[in-house]
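**Student:** Okay, here's what each chain looks like letter by letter:
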Amino acid sequence: MVDVSRVQKELTECNRDKEVSGVSIALHDGSTISHLTGTIAGPLGTPYEGGTFVIDIRLPGGYPFEPPKMQFITKVWHPNISSQNGAICLDILKDQWSPALTLKTALLSLQALLSAPAPDDPQDAVVAQQYLRDYSTFSATARYWTEAFAKSTSTGMEEKVQKLVEMGFPEDMVRSVLKSVNGDENMALEKLCSG
Amino acid sequence: MGYDAMAHDASSPAAARDAKKKRGNRSAKLKQSKLDVRREQWLSQVKDGKEVKAVVSPGAAAGANSGSPILASPHPPLPRRRAEIRTREGEPEDYKEDSVGASQDVGSSDHESPLHSPVSYNPPVDCLQQKHCSGNGGRSFSSGSSAWSSSRSVSDSDNDTGGSPENDDDDGVLDDWEAVADALSVDDSHNHQEPVPAAPPVVPASSPEPANAATRQEPIKSRTRAWSPDDVFRPQSLPSLSKQASFPASMGDCWVAMGIGSAQKGILLLPISCPICYEDLDPTDSSFLPCPCGFHLCLFCHKRILEADGRCPGCRKQYTSASSGGGMTGNECEMGNLRLSRSCSMGPRY
Numbered sequence: 001m002v003d004v005s006r007v008q009k010e011l012t013e014c015n016r017d018k019e020v021s022g023v024s025i026a027l028h029d030g031s032t033i034s035h036l037t038g039t040i041a042g043p044l045g046t047p048y049e050g051g052t053f054v055i056d057i058r059l060p061g062g063y064p065f066e067p068p069k070m071q072f073i074t075k076v077w078h079p080n081i082s083s084q085n086g087a088i089c090l091d092i093l094k095d096q097w098s099p100a101l102t103l104k105t106a107l108l109s110l111q112a113l114l115s116a117p118a119p120d121d122p123q124d125a126v127v128a129q130q131y132l133r134d135y136s137t138f139s140a141t142a143r144y145w146t147e148a149f150a151k152s153t154s155t156g157m158e159e160k161v162q163k164l165v166e167m168g169f170p171e172d173m174v175r176s177v178l179k180s181v182n183g184d185e186n187m188a189l190e191k192l193c194s195g
Numbered sequence: 001m002g003y004d005a006m007a008h009d010a011s012s013p014a015a016a017r018d019a020k021k022k023r024g025n026r027s028a029k030l031k032q033s034k035l036d037v038r039r040e041q042w043l044s045q046v047k048d049g050k051e052v053k054a055v056v057s058p059g060a061a062a063g064a065n066s067g068s069p070i071l072a073s074p075h076p077p078l079p080r081r082r083a084e085i086r087t088r089e090g091e092p093e094d095y096k097e098d099s100v101g102a103s104q105d106v107g108s109s110d111h112e113s114p115l116h117s118p119v120s121y122n123p124p125v126d127c128l129q130q131k132h133c134s135g136n137g138g139r140s141f142s143s144g145s146s147a148w149s150s151s152r153s154v155s156d157s158d159n160d161t162g163g164s165p166e167n168d169d170d171d172g173v174l175d176d177w178e179a180v181a182d183a184l185s186v187d188d189s190h191n192h193q194e195p196v197p198a199a200p201p202v203v204p205a206s207s208p209e210p211a212n213a214a215t216r217q218e219p220i221k222s223r224t225r226a227w228s229p230d231d232v233f234r235p236q237s238l239p240s241l242s243k244q245a246s247f248p249a250s251m252g253d254c255w256v257a258m259g260i261g262s263a264q265k266g267i268l269l270l271p272i273s274c275p276i277c278y279e280d281l282d283p284t285d286s287s288f289l290p291c292p293c294g295f296h297l298c299l300f301c302h303k304r305i306l307e308a309d310g311r312c313p314g315c316r317k318q319y320t321s322a323s324s325g326g327g328m329t330g331n332e333c334e335m336g337n338l339r340l341s342r343s344c345s346m347g348p349r350y
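Here the protein sequences line up with chains A and B, keeping their order. UniProt numbering puts the first residue of the first sequence at 1, with every later residue one more than the last. UniProt numbering puts the first residue of the second sequence at 1, with every later residue one more than the last.
Among the hints, erroneous ones may be present.
27 Å max Cα-Cα, derived BS3-like pairs, lysine-lysine [said to hold, decoys possible]:
1. A:K160 / B:K317
2. B:K317 / A:K18
3. B:K303 / A:K94
4. B:K303 / A:K151
Ranges of calculated distance between the beta carbons of each label pair, as one might list FRET restraints [said to hold, decoys possible]:
5. B:D282 / A:R133: 53 to 63 Å
6. B:T284 / A:K9: 36 to 46 Å
7. B:G294 / A:N186: 51 to 61 Å
8. A:G61 / B:L35: 52 to 62 Å
9. B:E279 / A:M167: 42 to 52 Å
10. B:C315 / A:R58: 48 to 58 Å
11. A:E166 / B:G294: 28 to 38 Å
12. B:C293 / A:D172: 40 to 50 Å
13. A:R133 / B:K303: 17 to 27 Å
Just so you know, these hints were derived from the structure itself, not from any lab. The beta-carbon is built from N, C-alpha and C at its ideal position, and this holds for glycine as well.
Work out the full structure: start from the sequences and follow the hints.
**Tutor:** Here you go:
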């Protein structure tokens, strides 16, 4: 089974400096420690700047001796990330995984992957073609996707959460509902009141 | 002579039982066989002693008065030590009752009196010893001289006196049981056997006795280290408390040494916990450098990795190639030393 104590320590360790690193991990639904949700901040100076990218993390039974399975939930326009399903092409998540790596270092590697695409080894051939042939279009598309998919749920998220929590709703419920309605404060309030 | 002390010990049976509990189940079989052998041997000793008593006891008494080395020097500690050994082996009460019942005619009826018994019980054993010295020659002499303090040599002397069929079995059990002490007794057995040709009848009792006693002291000491520190009958002079205290200290030394060693190899600071499983590294793990890259990990994780792809988590190189490069072998030597030192220092604690 998953090394629970290691994963718990990793979570604590990773979330300790999430403001600095721009990387955080949380339990996906709280029921199992083998299903996590990671978030990374879009690196500065890239089309992904300002976005917050959510990554679905599933830990296989052999973790940390087997790599975690990671997949972008947030839609990303990137040569090494599938624009369809968020599948990631990154060696350390496959054959170059090492048990000395952690979820945090893997997420940081994803962050680095956003800054430094590797179009020669693409996951999404269309994006890779665009990146190689027409970088400006690629950059614009990537920026648009970041605006469209990586920011809506996160802009002012903390303020919205704060507001709803002050209304008396539990914070974790507020967050999950806000996430489910894609950050729409009014819909979230409606859902919270009805649920 | 041992009787009075035994009887004395039996007056505090709770302490004796505590000691018995501490022995644990491991020596249960040994206890039983020893008990049988002892009983027979003591019966024979008592009989022998009684026979020779009339002849030798005046001399023995005179020797004690004159301060002869054989009688004066080894004796004062003897009653106590013997009683301790018996108590440690967890058979004081049963044995005492049996032997006392069998040798009722020898001693007085008042076994509880410490004043009375030395007089009445010393002679038989002294006589036995003297008989060995003069009659049977070197081997029996030395073994007889050590009969006081070592249960092993008690069975030796039993051999000489035509002992019981359980002797071999008993010896075998003892050898197994004291396998830890074998390394110590190797030297001692050399010392012990060399004087055998020289020791014989030529020397009556005085000069070889202290020498043999001295050589036999070592295994005795090593055995008495098996005392638990809180044992009531544990001799005050035993240094095993300092042993215990030195155990963490030696661990600290290991840490220091390893820290220095790894620093010299240009490795990062010694990790406190395994980077794979996040469990604390013990000194064995910390000295375990399976890969020349210096990546530390615990033995469990290393084994797990070897069962899979066998690549070092630090540098992703195959462990097999790394092990032939000398990093593995050197470390295995180091690990061996570490284990040895640990088992040595933990041995006395049982």
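**Student:** Against this structure, judge whether each hint is valid.
**Tutor:** Comparing the hints with the structure gives:
Straight-line distance between C-alpha atoms of K160 of chain A and K317 of chain B comes to about 49 Å, which puts the hinted pair past the 27 Å bound. About 32 Å separates the Cα atoms of K317 of chain B and K18 of chain A, which puts this hinted pair outside 27 Å; it is violated. Restraint check: the Cα-Cα separation between K303 of chain B and K94 of chain A comes to about 21 Å, which is no more than 27 Å; the hinted pair holds. This hinted pair does not check out: K303 of chain B and K151 of chain A have alpha carbons roughly 45 Å apart, beyond 27 Å.
As the Cβ distance of D282 of chain B to R133 of chain A is approximately 58 Å, the hint placing it in 53 to 63 Å holds. A hinted range of 36 to 46 Å is violated for the C-beta pair T284 of chain B and K9 of chain A, which are about 22 Å apart. Range check, G294 of chain B to N186 of chain A: Cβ separation about 58 Å, and the 51 to 61 Å hint holds. Restraint check, G61 of chain A to L35 of chain B: a C-beta distance of roughly 55 Å satisfies the suggested window 52 to 62 Å.
With their beta carbons about 44 Å apart, E279 of chain B and M167 of chain A fall inside the hinted range of 42 to 52 Å. The given range of 48 to 58 Å is broken by C315 of chain B and R58 of chain A, whose C-beta atoms sit roughly 27 Å from each other. Checking the proposed 28 to 38 Å range against E166 of chain A and G294 of chain B shows it is violated: the Cβ atoms sit about 53 Å from each other. At roughly 43 Å, the beta carbons of C293 of chain B and D172 of chain A sit within the given window of 40 to 50 Å.
For R133 of chain A and K303 of chain B, the Cβ-Cβ distance of about 50 Å falls outside the hinted range of 17 to 27 Å, so the restraint is violated.
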